[in-house]
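Participant: Top line first, the protein sequences correspond to chains A and B.
Counting from 1, one number per residue, gives the positions in the first sequence under my numbering.
Counting from 324, one number per residue, gives the positions in the second sequence under my numbering.
None of these hints come from the bench; they were simulated from the model.
Mimicking EDC-like on lysine to aspartate or glutamate, the simulated pairs with C-alpha atoms at most 16 angstroms apart in a straight line are: (1) B:Lys522 / A:Asp88; (2) B:Lys522 / A:Asp90; (3) B:Lys819 / B:Asp673; (4) B:Lys430 / B:Glu419; (5) B:Lys425 / B:Glu808; (6) B:Lys457 / A:Glu50; (7) B:Lys458 / A:Glu50; (8) B:Lys813 / B:Asp800; (9) B:Lys783 / A:Asp53; (10) B:Lys458 / A:Asp53; (11) B:Lys628 / B:Asp691; (12) B:Lys819 / B:Glu804; (13) B:Lys629 / B:Asp691; (14) B:Lys820 / B:Glu804; (15) B:Lys430 / B:Asp474; (16) B:Lys868 / B:Asp849; (17) B:Lys457 / A:Glu54; (18) B:Lys820 / B:Asp800; (19) B:Lys783 / B:Asp754; (20) B:Lys783 / A:Glu50; (21) B:Lys458 / A:Glu54; (22) B:Lys642 / B:Asp681.
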Amino acid sequence: MRFARYVGYRLLTALPVICGIIVLNFLLIHLAPGDAASVLAGESGAATPEYMDELRHKFGLDQSLGMQFLTYVSNLAHFNLGYSYRNDADVSSLILERLGPTSLLMLTAFGTALALGIILGLVAATGRNSWRDNVISLISLVAYATPGFWLGLMMIVIFSIGLGWLPTSGFDTVGAGHEGWAEVWDIGRHLVMPAVSLALFYLALYARLMRASILEQTGMDYVTTARAKGQTERRIMTGHVLRNALLPVVTLAGVQAGNLIGGSIVVETVFGWPGIGTLAFNALQSRDLNLILAIFFISACLVVVINLAVDVIYFMLDPRMEI
Amino acid sequence: MVDDSPSNKISRRTALALPLGLAASSGTIFSNGFAKADEPVRGGTMVMIVQPEPSTLAHYAVTAGNIPPIATQIYEGLVTYDWDQNPQPSLATSWETAPDGKSITFKLRERVFFHNGNPFTSADVQFSFMEILKKYHPFAPLLLAELTGVDTPDAMTAILRLANPAPYLMKALAGRDLPIMCKSVFEGTPVLQNPTANKPIGTGPFKFGQWDRGQFVRLDRNDKYWKPGLPYLDHIIARFIPDAATRSAALETGEAHFAGYSAVNYADLARMKSNPILDTTMKGYEMTPALSVLELNANHPPLDKKEVRQAIAYAIDRKVILRDVMYGYGQPATGPLSRLFKTVGFYTDDVRNYDVPDRLEIANKLLDGAGLPRGSNGMRFGIHLEVNSFGEQWLRQAEYLKQALAIVGIDLTLRSEDTATWLRRVYTNYDYDMNEPFLSQGVDPVYGLNKQYLTSQIRKGVTFVNNSFYANPEFDDILNEAMREPDHGKRAALYKKAQQILAEDCPLVWLIDVQYVSVFNRKLHDHTTGPLGTQQAFERAWLEK
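When you get a sec, could you build the whole thing from the sequences and use the hints?
Facilitator: Right, dumping it as structure tokens:
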């Protein structure tokens, strides 16, 4: 009951935050010089002033800022994210199309990074200064320092051009007409390189953090106490140290989970992955207001939800925490 | 009909001469053995790279260069062009221009059907020209300015009525420039909101299939195409890969068969050429002239002085830009028109020559004469250059320009902004000194010259028109006369004079006559069958099995 009330309270207090974000986003985006009509006309090479006026009228850019804001808010209140005139498509359908590939890539990369990172950190910490600690530390240092786009391109050179094992880019083989498991296999093959190049950075981060965190916890008094009670080292590690050591990792993962919806522009660009990152980037470049505002809005909501989830996970890991 | 380009024939021979070891090492490409390369084969899916992904396929209202490679597979024009740029029958079977030049009568092809099953008639021509193109096509104010109406005496005859002769119009009737749409699809709906904007319906060899945004557009064979037996391909996939290195890799692995319009970085071309499964061609861009230029804002002193503008033109070594920025693709520009207009007799290099051995002395002398002595730091004056936001090469060009102009004492400050901000600054606020755009010159001098240099084209808020405030009544008269002159010889003489005046007044500095390059897989044949290249249908393209 107390738990449900807490979640309800948190969601309620998130409302003003989201409203603030809506207003701020709207104002910020209008501060940027240039508009969608001039970008569209610019790409066309030439256009008459009448044509551009008609475009602006169609886009609703000829209305006052206040009027545009009211339209936007009333649309949002009706769960309508608006229409992208530049793309001649509904914003919600544009985002939905990308949501699947984005979450597939991000969840795969993030999940792998988190799971492997924690395990590697544990392995390294339990054998401190042994060869496996040194190997893991070295690998994570290299992975942490390597730029994702370079890693991606090198993988393409090796695995696509050199060995011919994996496709260079895209989400699936277009026009191949795969179905069932063949399709899963096909998408999986396309997923490997983008997921790895994205995951390696996070993996290094979590492994290093996990290692440091475990080493810090093993010096604590409660570990000495447990040892004095006669508990086995294994039991001390799994029952006491691990839970405490996970807290900083969960905190960091929570902050970074906000990127899940945003996608990764760099990796999406290198591998031609149809993600939300490039969609947002192009929308910003072309001043596609409805689209960019919708992506901002959804990201903001997601961050609020994830923050709440992280707090709940804290509570589960460490019952001493107040909620 | 026009046949394959010579370069393709050579490439086939080289492909056949490949050592077997090489062929085997390039994976599955040759695994089915060599098909007989001269006999077209039905079937197959061609993958082409289009860069960047178009925002819309509303080809009739947006003329961005990444739309035609897809849209011209679907929409056709009244005519098409042979290698000499003469009109050839397409949706029109014959045409005749009236002796006074004020009307053109088109006989239309019978038994042509749109992809929705509707028959093609003169009503579609009339509606396309008067209700769609004349009203919404960005080039209509130039190309269709004289068009007053389209008469349809019968279902298979369309007469374009003109207020004055428009000799350039016969050059702009291909599907790339003035496409024909289906009347019943558009009638009674707002044109700009038409649902077929992104699901186009035309008469072309390929039908629209599917668009997965961020990934690809799929086009399917039009089984009822009016040219019997064509097209050869079952599908065309236009893939969008944002990263240049990955685009090259997709060609190298054979995942993609074709990349036109320099979708492959110039820097990668040498590697592409050495790849046994790939080849390149510079053909297919004969009707796509373009110049890279410097626009100078004559409202910002000292750029109002002709001598200063000429000095800038003298100070730049175009050969360095060609070598270091364009990787040798293209030629130094000699004046305001691309060399590609030589084919139709409009280009002249009999103009003031800025590429002379003593160009630096001349530049310094001109600047001294303009009352701009060097200061204590060696600089005469400082101006800003707006860096073109459409790609990395423009930043490299800007870096060279800064060095080149410093030699004659002009201190250049580079300013990089995103596209929307850049367009607003340069074409609406006019808050710039020097700008380095890339100007498409269209199919006739009327396009490239009129919009860039006529006094009437100083139009605040309109992109890529006269923003250098060049205003010369004598020049305006020549251009307006040339626009309506039906006699080709007289027109050519007028344009020669116009080019000489421009080169002397130097409102812009012309840098490079751009050369695009296509990269293709050697299994793909007959992809470049005319001067419009990628911007015409791949109806005759075929893939070796």
